[in-house]
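If you want the building blocks of each chain, they are given just below.
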Amino acid sequence: MHFGETLVFYLVIGLGVAVAACLSDVRTIGLGRDHDAEQHRRARLAFVALSAVLFWPLYLPLLLSSPVAPVAAPAHVAAAPQDEMAEAIAQVELELDAALSSLDGWAEDVLVSEKDRIGELRLALLAQACRIREMDSLLARAKTAGGVADFSGGASPLAAAEPRACDRRQQSERARAQNMARLEDVRRRAHADLLGTLAWIRELVSMIHLAKFTGAPASRAEELVAQIAAAVEGISAADWREESHVAQTPRPLRPAVSDVERERARGEAAAFDTAHHQTA
Amino acid sequence: MNSVLDRDRLVLSLADSDAAGAKASPGAPPAGPSASVVEMLLKDRPALDCLLRDPAWQRRLIPRLLAVAVAGFVAYGLVTTLVLNAIYFEHGYWPAAVPRSLWNRPSAGNLTLAYCLGLIAANGVCLPSFYFYGLLSGVKTTMLGVTAHALKGMAAGAVMLVGILPVYVALALSAIVFPMPEPFVTLWLVLGLSLPFIAGFWGAVCLYRGFVCLEDTIPVVRRESRGCLLRRLILAWSGCYTCVTPLMVYTLWNSLARLLP
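Chains B and Z are the protein sequences, given in the same order. Residue numbers for the first sequence follow this note's numbering, so the first one is 1196 and each next one is one higher. Residue numbers for the second sequence follow this note's numbering, so the first one is 5 and each next one is one higher.
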């Protein structure tokens, strides 16, 4: 094949890549909002089109890689009001950030592997708080509606007025009261789970600081960060348990992270400290 | 902050200011380039390396880095064509084995085109091996990231080329204005034609420094042994690129000379 023919093939492929690169660029960067932005966008597109025809091998990785979408929090999480739970989550996030940034120069590679899961954990905490708020507002609405004064099984005013004529109504009211009492119970448990998880994260954060300043190996930090990241699974499991609990028998109050896990982590920390002091 | 957690008798209590300070830690990803790409290449390469770790910024920066490289190579091509022609019309001398690129012929743009296309196409040809070397050394990277780093090295080389071009023009003017023996004129011309490779050393240094930073993506237990391999592989790739580029430029220039005599 001669140079001219090769050039034709090269440019034909380049044209195809240029069209694809322009379409991808428009999708990624978007349209300009004002005159200057529009002009800038056009200049950029013109350059991309021209350079992609000539240097299409450099644009192939750009086209073949998956476009990166900005990680956006769910709408219900983004609009979270500032209340006690939001403050507690913010406090834990600050402490967690401080602990993770203290890993620099000691075990910073842990962050690379667990970054996504820790991001998921943050979102899960916010989502859990949002869920509790929804239950709060539902319960408050039910209470102010006046139909049910007490969800713990007390007689409603409607039932008290006409006891015989309203048997069916009474049954429904009682069932409703029981459901609302269960919902209150679910809310209480979800709240306790959330606080338990937050406390567990703070405990692990303190263990990270302790491990760092007692000269623990980087593998210890890896374990602790992995346990923090694993808390997201505890929250998910708690959600599922609560949903299934509504239709099943009640269970004793339990935090999202099991006591066994906590004891194991504490035991490991104590064992490490003992071994460390002995070696020191 | 009196949070609800305090009621749970938690032991740890960090000062808010400490934690807030950690929010703006240097390890945090930057929001975006506050300066132009050229300025960052000259003044703040670590910040550029930091941006090149983010896939979203890689997509944005690839066309910009390519634009910087093309602009630098076009400027070099035009100036070198001018110098070669000035010497040719003044002394009637054109280096042997170098295809013609005369400004009064259709071949006027051959040198510029050959260098522009050759330098960048050689980079494209060597990219898969660069990606493969990265994977071999255990660095967590993508083809997009490797392309961005290679283009950063090329753009840095192009900026350096533009920087040393005025010095070369000043030296070449002496060969145009004053009568000089042919070996000296040949020396100036060969120096001019090899300027992109001299400036390319700076590009290779930038590429090396940027890519070695990715060493922190290798697991700690293997970092020491793999890091050494990574450094050697980058040097090997730079050597491979340095061998491919002159061949590519020369082949292209010859082919263009046949197409546009």
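If you're looking for bench data, these hints aren't it; they were derived computationally from the structure. Wrong hints could be hidden among the right ones.
What follows is a list of derived Cβ distance ranges for each label pair [claimed, not checked]:
(1) Z:D220 - B:S1332: 27 to 33 Å
(2) B:E1279 - Z:D48: 39 to 45 Å
(3) Z:T221 - B:L1258: 22 to 28 Å
(4) B:E1315 - Z:L86: 58 to 64 Å
Okay, the calculated bits of chain Z under chain B, using three or more residues with CB under 8 Å as the criterion [as the list claims (entries may be wrong)]:
(5) 46-56
(6) 78-85
(7) 113-119
(8) 125-137
All figures in this text were calculated on a predicted structure; none of them were measured in a lab. Just so you know, even glycine gets a beta-carbon here, dropped at the ideal spot from N, CA and C.
Outcome of the hint check:
For Z:D220 paired with B:S1332, a C-beta distance near 46 Å fails the hint of 27 to 33 Å. Distance hint check for B:E1279 and Z:D48: the Cβ-Cβ separation is about 43 Å, which falls inside the suggested range of 39 to 45 Å. Remark: the range hint 22 to 28 Å for Z:T221 to B:L1258 is upheld by a beta-carbon distance near 24 Å. Remark: the range hint 58 to 64 Å for B:E1315 to Z:L86 is upheld by a beta-carbon distance near 59 Å.
Beta-carbon proximity to chain B at under 8 Å applies to 0 residues in the segment 46-56 of chain Z; the threshold of 3 is not reached and the given coverage is violated. Interface restraint, the segment 78-85 of chain Z with chain B: violated (0 residues with C-beta to C-beta distance below 8 Å; minimum three). Under a criterion of three residues with beta carbons nearer than 8 Å to beta carbons of chain B, the stated coverage of the segment 113-119 of chain Z fails, only 0 such residues being counted. Coverage of a stretch by a chain is defined here by at least three residues with a beta carbon nearer than 8 Å to that chain's beta carbons; for the segment 125-137 of chain Z and chain B the count is 5, and the condition holds.
In summary, the numbered hints that this structure violates are 1, 5, 6, 7.
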